[in-house]
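Just so you know, the sequences run in chain order B and Z.
Take the first sequence: its letter number 56 is residue 56 in this note's numbering, and every next letter is one higher.
Just add 118 to the spot in the second sequence (first one is 1) and you have this note's numbering.
These aren't lab readings, by the way, just hints derived from the structure by calculation.
Mixed in with the good hints there might be a few duds.
Below, a list of computed lysine to any residue pairs in the SDA-like style, where the Cα atoms sit at most 25 Å apart [unchecked claim]:
| id | chain 1 | residue 1 | chain 2 | residue 2 |
| --- | --- | --- | --- | --- |
| 1 | Z | K215 | B | H7 |
| 2 | B | K64 | B | P40 |
| 3 | Z | K215 | B | G61 |
| 4 | B | K41 | Z | T126 |
| 5 | Z | K215 | B | F91 |
| 6 | B | K66 | Z | T126 |
| 7 | Z | K215 | B | L118 |
Just the calculated beta-carbon pair ranges, DEER-fashion [as the list claims (entries may be wrong)]:
| id | chain 1 | residue 1 | chain 2 | residue 2 | range |
| --- | --- | --- | --- | --- | --- |
| 8 | Z | G211 | B | H85 | 39 to 47 Å |
| 9 | B | T82 | Z | P228 | 46 to 54 Å |
| 10 | B | Q60 | Z | G146 | 14 to 22 Å |
| 11 | Z | P228 | B | Q42 | 23 to 31 Å |
| 12 | B | E63 | Z | E195 | 42 to 50 Å |
Positions of the beta carbon are idealized from the N, C-alpha and C atoms, including for glycine.
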Amino acid sequence: GAVVSQHPSWVICKSGTSVKIECRSLDFQATTMFWYRQFPKQSLMLMATSNEGSKATYEQGVEKDKFLINHASLTLSTLTVTSAHPEDSSFYICSARALGGGGQETQYFGPGTRLLVL
Amino acid sequence: GQNIDQPTEMTATEGAIVQINCTYQTSGFNGLFWYQQHAGEAPTFLSYNVLDGLEEKGRFSSFLSRSKGYSYLLLKELQMKDSASYLCAAPRGNTDKLIFGTGTRLQVFP
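Next comes chain B alone, as it looks inside the complex (with noise of 0.2 Å):
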């Protein structure tokens, strides 16, 4: 259970384009998304919470007009990044909570999403 997956495993598009990233609880239903950056060699960097029904919220420095986050349904959650530029160029991934072994809610990361703008 707790299975988490993300479309597209990768992607390479040219700068000013938009990129749309999709991430599904396959098994369990998610009222609340993550959705985390990660570059070369650093942490995971936490850039909004989605919610399912309601606006996400973002992470201080992140801005929310260039990474739309949509929860459309319990188990589908999308962020589009729009007019992308080699600097956003990262692995992008998410996450979604649920019980984990102990009845502790735990959070489930999907496989990540790895982003080259050109």
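Position chain Z against the provided structure of chain B, taking the given hints into account.
Just chain Z, lined up with the frame of chain B:
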């Protein structure tokens, strides 16, 4: 503020034991997580500690001391496949937003 510190890199030999330390400063405490992340992959959950003491799960154990703001991940009988980054994380305040340390890159040699 909130801060999580862990060593950047460690090396060890196959079959040995290694301890990866993590110190944290958080506003409020709602548990501490350890994740394993292989290069180019997403993190996978290893452990969650909310009470003091050692919790063992097979070859991996995790320890927590809330009074000292300190945790460690203990890996026994190291295998080559254990070469990965190990991330220490804690919820920010009373939220469910995880703050990650920089990660400790462990390299296991034969």
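Hey, K215(Z) versus F91(B), does the alpha-carbon distance stay inside 25 Å? Cα-Cα ~19 Å, so holds.
Hint consistency between K215(Z) and L118(B) [alpha-carbon to alpha-carbon, up to 25 Å]: With Cα atoms ~32 Å apart, K215(Z) and L118(B) exceed 25 Å; violated.
Please test the hint of 39 to 47 Å on the beta carbon pair from G211(Z) and H85(B). Because 33 Å falls outside the window, the suggested range is violated.
Does T126(Z) sit within 25 Å of K66(B), going by the straight-line distance between their CA atoms? 32 Å, violated
Is the hinted range of 14 to 22 Å satisfied by the C-beta distance from Q60(B) to G146(Z)? Given about 19 Å between the Cβ atoms, the range holds.
Within a Cα-Cα threshold of 25 Å, do K215(Z) and H7(B) meet the stated pairing? 23 Å, holds
For P228(Z) and Q42(B), compare the CB-CB distance with the range 23 to 31 Å and indicate the outcome. Cβ of P228(Z) to Cβ of Q42(B): about 28 Å, so the range 23 to 31 Å holds.
Can you confirm whether the C-alpha distance between K64(B) and P40(B) stays at or below 25 Å? 23 Å, holds
Would the hint linking K41(B) and T126(Z) be met if the CA-CA limit is 25 Å? 10 Å, holds
Do T82(B) and P228(Z) keep their Cβ atoms within the hinted range of 46 to 54 Å? Since the Cβ atoms of T82(B) and P228(Z) sit about 47 Å apart, the hinted range of 46 to 54 Å holds.
If you draw a straight line from the CA of K215(Z) to the CA of G61(B), is it 25 Å or shorter? 16 Å, holds
Given the range 42 to 50 Å, decide if the beta-carbon distance of E63(B) to E195(Z) lies inside it. 47 Å, holds
Of the numbered hints given earlier, the model fails hints 6, 7 and 8; all others are met.
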